[in-house]
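Chains A and B supply the protein sequences, listed in that same order. Its first residue numbered 1, the first sequence is counted upward by one per residue in my numbering. Its first residue numbered 1, the second sequence is counted upward by one per residue in my numbering.
What the hints contain is simulated information worked out from the structure, not anything from laboratory work. A couple of the hints might just be wrong.
[Unchecked claim] Over the 12 Å line for every Cβ pair with chain B, so calculated as not near, a few chain A residues:
1) K195
2) Q243
3) S320
[Claimed, not checked] Rough simulated footprint, nothing fancy, chain B against chain A, three-plus residues with beta-carbon under 8 Å:
4) 55-63
5) 173-187
6) 202-208
7) 234-240
8) 268-274
Note that the structure is a prediction, hence the values are computed from the model and not measured. Cβ coordinates follow ideal geometry from the N, Cα and C atoms, glycine included.
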Amino acid sequence: MTPRTKETAVYLPRARRAALATAATALLLAGCASGAGSGSGGSPAGPITLGTTLPLTGPLASFGPVLQAGYQKAIDDVNAAGGLPVGGGKHKLVLKVLDNASNPNNATQQARELIQNDGASALLGSFSPDLNNPVSTVAQQLHVPVIMTVTPIQAWRAGNPDGWTYAWDVFDYEPSTTSLFFKAATALAPSNDRKVAIFADTENDGILWARLWKAEAAQYGYTIAYSASFPPGTSDFSQYVQQAKASGAQVLLAQMLPPDGIALWKQIHAFGWKPTVAACNKCSASALFPKDLGALAEGTLNFGWWTPDDIFPGTQRLVSYWEPSTGNNISLEMKVTAYAITGIMTHAISAAGSTNSSAINTALGKTSLDTVIGHVAFTGQAFRTTDYMLQWQGDSQVRIYPTTVKHVPYVMPGLDK
Amino acid sequence: MSQWAATVVNGALLGGVYAIAGLGLALVFGVMRLVNLAHAAFLAGGAYLTLTLTTHTGLDPLLALVVVLPVMFCAGYAVQRWLLNALLLAGSQGALVATFGLLILIQNVLTLGYGAEPQALPAPYADAGLTVAGIRVRVIYLIGLALAGACVTGMHLALRRTRLGIALRAAAADPVTAGTMGVNVDHLYALAFGIGTALAGVSGTVVGVAFSVTPTSGLSYLLLGFTVVVLGGAGSVAGTLAAGLLVGIAEAVAGRAIGGQYADIVVYLAFVALLAFRPQGLFGTARA
């Protein structure tokens, strides 16, 4: 009996410990689940935090501060009006910003940090698929909603073949945008220039844009005479430019980072290649492009999705606020869109009546809102913006296509001179 | 065939830019056996200093080097004399970590001062080209190669023909014995680091004119610089230039043959393979 008694005596505390451990684990997991998004918490007690991880340094540093300015202005406007109405009370908003240095690994880590450490109820997006796909993955895993812009929809969707449910995108849909380059070139540029050279880096959207341009060229009467693919961060394009020039290409379609694009434009001029159409997506989307390149930047094409000529409720007020300091349309365009998606998110939080992340996400799905970039309603987690073809003329990007809306005449690229 | 010749020639010219990036690293490593990670930040810092001078005075970037070089030299001298020398007494690990700390510190200071967006140094030859023997080349690459050649020649002569050079070599070979012979090793180390920092300033200026510069853009040239230094034979001045040209040509030829997205793989595979057979680099001497 003694051994049995002893055994039983030992067994019972073990069982109790196991039960306690199980209960503690369950409580811990429950705690983690609620901590994953402060959002699960229901009615907020104090300020509501929105978080964002932005490329404030690194190769994409041209864009992070622009988005930050748009987010901050939207939040300042809400706070100036007394706060965001949620669940019967008004709550101040706080924007928590982290610098991911243009690094996707940092973006992943910081998105988690914003949710788990800083208590962000929702996230606002970073820049481009390379940074926003990792952020979307975190949002998906932790069930906290995120809205992003300047992230082409197809490249973003490719980041999750099962489909995003907590991530939302407000931007262009690549097949319609890439074809816009051919349509604009056909309508505006010399009629017999139909040979194309593609310069695209190996980032997600570089690969996708190059593939779409190659697939669409024939239907618009163009042939791909040369195509260069290179890693982001490439600075020497000597051999590529010489091959493009030798191919007889007159149309240059490029997709790359701003520092790489600045280097490419200099080398195109140095090697005497004179394309009559020169487009650089992403790389020319910064005020630094004409500042660094001077006359060489003139006439460079880039797509856009909003101009100050597109008047929606609140647009004029924002244009008046930013235009004196912005000085060019592209920064204004991103700021206004960042402002718009912040408004969409705050509207959803208000509609949800709490900071419960699931309720906010459900409210986002029901969005039907007039914003400063037009009426927004999501289809398949995304809202497709309207595409325009913009061109650097002086220190501004102006709309040149389609010609059915307010536009200015096309000018030949500075590279052609 | 002429296209391939153009690829090789332009690759070699670009190699001059790489060689300048590696030269300062080679000197510091050759004299002190110190891997100077802050070289990347000094490169960017030199470019921004040149940018400030050209913006405020309208000076040509190359003329601005007259001011940039002594300023960078003094900064490098001070860093080595009053920071790194003390750390080197306890071995190179502490100094290595200190150069990493300097890298981060300087990058952040540059970001605060100049922003993180790419900025190009304005010069009439930044986007100019000319045709030499039927091959179109960039003027700034020619300038880069000429500067690399001048720096290598000057350094080679200084190390071989001057008392200072002989003292530097003595300090590099055996600092303890050199010290007992009356050589001021601390001063010589600081001189070497100062010259290396000034060379980083030259490199940054050429890069800023040829491409553009950001506070972090020195990092890619740090990697290239190390490649050039190791390939040339650590501490070999002439080897650094030769290795720079080789890396430039290899990158260009590989990019043309198999595509730019794979060029680095081929170049670094060849680099590793070469070191497997010749660990001392192309122009270094094997140690017993």
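Hints, verified against the model:
{"no.": "1", "hint": "K195", "verdict": "17 Å, holds"}
{"no.": "2", "hint": "Q243", "verdict": "7 Å, violated"}
{"no.": "3", "hint": "S320", "verdict": "25 Å, holds"}
{"no.": "4", "hint": "55-63", "verdict": "holds (count 6)"}
{"no.": "5", "hint": "173-187", "verdict": "violated (count 0)"}
{"no.": "6", "hint": "202-208", "verdict": "violated (count 1)"}
{"no.": "7", "hint": "234-240", "verdict": "holds (count 6)"}
{"no.": "8", "hint": "268-274", "verdict": "holds (count 4)"}
Hint check: violations occur at hints 2, 5 and 6; the rest are consistent with the structure.
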